[in-house]
Amino acid sequence: MVFWLTVLALTAAAIVIGFRPMLRGSGSADLNRAEDHEHDIAVYRHQLEELAGEEARGSISPVEAAQARNEISRRILAVEDRMSPVGTAGKPARAPRSGLAMLGLFALVFVPGLTLIIYTGIGSPGYESQPLAMRLEAMRDVAAMRSQTQDQLRDLVVRAEDHLRDNPDDGRGWDVLAPVYFRLGEVGKSETAYRNAIRLLGETPQRLSGLGETMVTAAGGIVTADASALFERALDTNPADARARFFVGLADVQIGQYEDARAAWTSLAADEGADMAWRAVAQQSLGRLDETAPVAETSGRPPVLDEATIEQMQNMSADERGSVIEAMVASLDERLRAQPDDLEGWKRLIRARIVLDQDDGLRDALERARSAYDGRPEELESLRAFAQGLGVDLEEYWP
Amino acid sequence: MIVELGHYALVLGLALSLAQMIVPMIGLRTNNARMLAVAPSLTVATFLVVAVSFAALTWAYVTSDFSVRNVWANSFSDKPLLFKITGVWGNHEGSMLLWILTLALFGALVAFFGGNLPSRLKAAVLSVQGSVTVAFALFILLTSNPFERLSPPPLEGRDLNPILQDIGLAIHPPLLYLGYVGFSICFSFAVAALIEGRIDAAWARWVRPWTLVSWVFLTAGISMGSYWAYYELGWGGWWFWDPVENASFMPWLIGTALLHSALVMEKREAMKVWTILLAILAFSFSLLGTFLVRSGVLTSVHSFATDPQRGLFILMILVFFIGGSLILFALRAGTLRNGGMFHPVSREGALVLNNLFLTTATATVLVGTLYPLLVEAVSGEKISVGAPYFNYTFIPLMIPLLMAVPFGPLLAWKRGNLAAAAERLWLTAAISLVAALAIAWLIYDAPVLSAFAYALAFWLIVGSFADVWQKAGFVKNGWSTGWARLKGLPRASWGTALAHAGLGITTLGIVGVTTLEDETVLRMTPGETTSFAGYDVEFNSLTPGKGPNFTYDKGIFTISRDGRVIGTVEPEKRVYVASRMPTTEAGIQTVGLFSQYYLALGDAVEGSEDIVVRIWWKPWVTLIWYGTVVMVAAGLISLSDRRLRIGAPVAARRRRQEALAAARAEPAE
Numbered sequence: 010m011v012f013w014l015t016v017l018a019l020t021a022a023a024i025v026i027g028f029r030p031m032l033r034g035s036g037s038a039d040l041n042r043a044e045d046h047e048h049d050i051a052v053y054r055h056q057l058e059e060l061a062g063e064e065a066r067g068s069i070s071p072v073e074a075a076q077a078r079n080e081i082s083r084r085i086l087a088v089e090d091r092m093s094p095v096g097t098a099g100k101p102a103r104a105p106r107s108g109l110a111m112l113g114l115f116a117l118v119f120v121p122g123l124t125l126i127i128y129t130g131i132g133s134p135g136y137e138s139q140p141l142a143m144r145l146e147a148m149r150d151v152a153a154m155r156s157q158t159q160d161q162l163r164d165l166v167v168r169a170e171d172h173l174r175d176n177p178d179d180g181r182g183w184d185v186l187a188p189v190y191f192r193l194g195e196v197g198k199s200e201t202a203y204r205n206a207i208r209l210l211g212e213t214p215q216r217l218s219g220l221g222e223t224m225v226t227a228a229g230g231i232v233t234a235d236a237s238a239l240f241e242r243a244l245d246t247n248p249a250d251a252r253a254r255f256f257v258g259l260a261d262v263q264i265g266q267y268e269d270a271r272a273a274w275t276s277l278a279a280d281e282g283a284d285m286a287w288r289a290v291a292q293q294s295l296g297r298l299d300e301t302a303p304v305a306e307t308s309g310r311p312p313v314l315d316e317a318t319i320e321q322m323q324n325m326s327a328d329e330r331g332s333v334i335e336a337m338v339a340s341l342d343e344r345l346r347a348q349p350d351d352l353e354g355w356k357r358l359i360r361a362r363i364v365l366d367q368d369d370g371l372r373d374a375l376e377r378a379r380s381a382y383d384g385r386p387e388e389l390e391s392l393r394a395f396a397q398g399l400g401v402d403l404e405e406y407w408p
Numbered sequence: 040m041i042v043e044l045g046h047y048a049l050v051l052g053l054a055l056s057l058a059q060m061i062v063p064m065i066g067l068r069t070n071n072a073r074m075l076a077v078a079p080s081l082t083v084a085t086f087l088v089v090a091v092s093f094a095a096l097t098w099a100y101v102t103s104d105f106s107v108r109n110v111w112a113n114s115f116s117d118k119p120l121l122f123k124i125t126g127v128w129g130n131h132e133g134s135m136l137l138w139i140l141t142l143a144l145f146g147a148l149v150a151f152f153g154g155n156l157p158s159r160l161k162a163a164v165l166s167v168q169g170s171v172t173v174a175f176a177l178f179i180l181l182t183s184n185p186f187e188r189l190s191p192p193p194l195e196g197r198d199l200n201p202i203l204q205d206i207g208l209a210i211h212p213p214l215l216y217l218g219y220v221g222f223s224i225c226f227s228f229a230v231a232a233l234i235e236g237r238i239d240a241a242w243a244r245w246v247r248p249w250t251l252v253s254w255v256f257l258t259a260g261i262s263m264g265s266y267w268a269y270y271e272l273g274w275g276g277w278w279f280w281d282p283v284e285n286a287s288f289m290p291w292l293i294g295t296a297l298l299h300s301a302l303v304m305e306k307r308e309a310m311k312v313w314t315i316l317l318a319i320l321a322f323s324f325s326l327l328g329t330f331l332v333r334s335g336v337l338t339s340v341h342s343f344a345t346d347p348q349r350g351l352f353i354l355m356i357l358v359f360f361i362g363g364s365l366i367l368f369a370l371r372a373g374t375l376r377n378g379g380m381f382h383p384v385s386r387e388g389a390l391v392l393n394n395l396f397l398t399t400a401t402a403t404v405l406v407g408t409l410y411p412l413l414v415e416a417v418s419g420e421k422i423s424v425g426a427p428y429f430n431y432t433f434i435p436l437m438i439p440l441l442m443a444v445p446f447g448p449l450l451a452w453k454r455g456n457l458a459a460a461a462e463r464l465w466l467t468a469a470i471s472l473v474a475a476l477a478i479a480w481l482i483y484d485a486p487v488l489s490a491f492a493y494a495l496a497f498w499l500i501v502g503s504f505a506d507v508w509q510k511a512g513f514v515k516n517g518w519s520t521g522w523a524r525l526k527g528l529p530r531a532s533w534g535t536a537l538a539h540a541g542l543g544i545t546t547l548g549i550v551g552v553t554t555l556e557d558e559t560v561l562r563m564t565p566g567e568t569t570s571f572a573g574y575d576v577e578f579n580s581l582t583p584g585k586g587p588n589f590t591y592d593k594g595i596f597t598i599s600r601d602g603r604v605i606g607t608v609e610p611e612k613r614v615y616v617a618s619r620m621p622t623t624e625a626g627i628q629t630v631g632l633f634s635q636y637y638l639a640l641g642d643a644v645e646g647s648e649d650i651v652v653r654i655w656w657k658p659w660v661t662l663i664w665y666g667t668v669v670m671v672a673a674g675l676i677s678l679s680d681r682r683l684r685i686g687a688p689v690a691a692r693r694r695r696q697e698a699l700a701a702a703r704a705e706p707a708e
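Protein sequences appear in the order of chains A and B.
Everything in the first sequence is counted per the working numbering, starting at 10 for the first residue and increasing by one.
Everything in the second sequence is counted per the working numbering, starting at 40 for the first residue and increasing by one.
No incorrect hints appear here.
Covered stretches of chain A (in silico footprint by chain B; criterion: 3 or more residues with CB under 8 Å from a CB of chain B, positions within the stretch not fixed):
{"no.": "1", "segment": "10-19"}
{"no.": "2", "segment": "61-69"}
{"no.": "3", "segment": "130-139"}
{"no.": "4", "segment": "355-362"}
{"no.": "5", "segment": "388-398"}
Residues of chain A clear of chain B, computed beta-carbon distances all greater than 10 Å:
{"no.": "6", "residue": "R78"}
{"no.": "7", "residue": "D160"}
{"no.": "8", "residue": "L209"}
{"no.": "9", "residue": "R271"}
{"no.": "10", "residue": "D368"}
{"no.": "11", "residue": "E376"}
No lab work stands behind these hints, which were simulated from the structure alone.
A virtual CB, placed ideally from N, CA and C, is assigned to each residue, including glycine.
Chain A extracted, bound-state conformation (with noise of 0.2 Å):
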């Protein structure tokens, strides 16, 4: 809204600015023909002024002098010719109309319509600007508020555990607490969850591909044999979940399947009744598929989502947006756990992890690309001046 304000403001004032004269005086163009001409014979009066003083000065003869004043003067009479009414009586003259409406219709309709048209065509009205130092901002505030609502789930997840110690066959408790598990980083207990809800309660899609991505996140990233499994017989069931039909993508991609991968992906990333994390996630792993695949027409541009996610994603609340971002950083380190030969994707992912402020993960990370790069002093020696940059202490967490 306060963005059409601004464009309606600019707009107005650049008419305003553009055709204010057209209010002022009239159409006839007589009087401004001989103006016109005025301007001419100034410049011949002026010539004339500079030849009495050269003349003066001695730089030039008089015969010269004299030659050139009859130049000149016969320029000006030449001027004086055209203006005078035979000079002009040729033509003949036109009625003098106004032109306002003409005018008007540029002012009013051309200039802002095809604007409008254009913009509208071209621009992405309403994608706010992400000035570096806001995204930080706005990143770190995400992160102070999932830490907070992380100390209540770990209370609500003591309750729950002393609730089912009594009572392991609550099969309802352990699909409850399965996926808090998973976003508390207990993958293990997660799984183990996962395992009590689907033996007490029987086999759901989404307690399957919660499953699935425990196991997938227990092996470093590797979808499995029996995750695979798992999310094809999530599929079965549910051919719209999510997360199954994400990390079936995945799958291909690490068999080499990239096109089967890119189809995956690229029809939940488009798939409109989808979750919204994956969905992003998908739309992210599709642009590094374009990336590494060694497909040809690799266009080598990051990924850019549709004008409907983009919506979609400036209306999620920050704590979506938050899980969206956490999924972002989540692909990024399994990917470059089956491809650690990426110095800007290991950048990437110290710096999310300092924005997230995730301890753990920063000291995973800097282990994992300093192996990753052992015997390589040059790209280690840009990780360290990176962390460095960003603030790491180097005794602490670069032994």
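Guided by the hints, dock chain B onto chain A, whose structure is given.
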């Protein structure tokens, strides 16, 4: 919001420039004063919104807004603020936006300072200028939009080409663009004159200040680019006959010719065809330069992005404007009345000669620039037309031209007397010869041919002031009258003399550095001292270190002569972290006023502390750039001459007031 506002403003700029192109044209056709009257204000409005757009992009760079693809691709959050700002035009899209801003700026300047122009001519000029703006605004919006967004935004940018991370980027492109694009105004004046069918002396006077402004900026821009290449590339060269350099040099040569021919047209109404054609050509060469650099036909530090689609678009712009204006010229050529007649030996004749030499020289540069491209396009074979080609074609053309320069101002209009002019120059010739012989024989034992080159340089410098000396008439009138006359001289005369002298100073620098330059490559160990070109160079140490976004090895060398320390230079070899690109920073010590000792580090020798060092002795090299500074100053002095500043005619205003008064008085009777 600011980014999108910038995007919107750019589109609004397109719409306004369309109005700026169409409305005054209708006004001219229908003779409608109201429509003519909005031409200047529309031009100002176009400039303002494009400025808003440019400011928005700059803001995105300063705040590292990586949601803008252009910022992501060319910036880095740790980059120093200055390079964040200069990074705006350190890439294809941003530099094209600067191009449009400059186009709009020149339009606005004409709107603002064009009070002395008749309203019809002014409207026509602004309309043509608007059409150029439209073409480039379409180009940028359709093929190279700097406001394209990324979502989600990446966390870090890709950084700017390290060679461009230099103060030079803050100065060189804006100056060059002011020059390049400045010629668009001369082009607009020429096309407007053809449309209006008024190609006369008054027109020539009106177009001159704009030619002068563009020429001044182009001179400064080329000179700055040359010095930048000299200290940044580490090859010790100041001009490489690189196609991109040639692309800026060709409009300069044509612009120089234009400057001179507009003078004749103003004084004598002669050389109309020359002047109009040169005005069209100067901008055509600017466009050609843009095409060569932006289409990907050439690869160099200047071609940021190569994209055939862009090349094709610029080619279309090129064909449209050059072709269109030449067709218009052909249609109007018949209506050109012959101006003042003149004898071959006269001021006019001298300037025709000047034009012939300059355009021929431009043609040789054009051939040398395009020929390798054509060969490559046809046969796929890569050939290079290097300095030897230009030495054998361009330089022989320049020598007679430079020899003729001092004669020009001494010849009278219409019919000059060559013998009399030569007589006035005998003192100049004597001084030059003595100076040259003194240099060649006393200071260095140089070959005779170089003595001739020195004589030529001094001939230019001393000869430039012959006209001023002549006008003052010290010998004839005594000192006091002489001084008074000197003070009374119009600034334009001083401008002429200084500009020619600047040319001479640059020539002297070129001659000096070409004939006396010395170069050596050697291995040095820390602590070692070597003797070169009469100076002792001690290699003190080589230390590694770290800058904000690069690591470096810095060598420290002390230069001394006969035990007296002259200075310390610290050449560096840098590696930029983000791009892993190595660059060199030359160590330069100016010796005396004009000579330089130039050191660049080569590779380290494996398994030792030794490093390869290249040393150049560059006598008088700075004169090359001082000369251009003098030329720029001369242009500015000329520009401040009052004849170029006459405002709107007083008579017209008075007459209008009288008419008004009469109209008011009438009803009372």
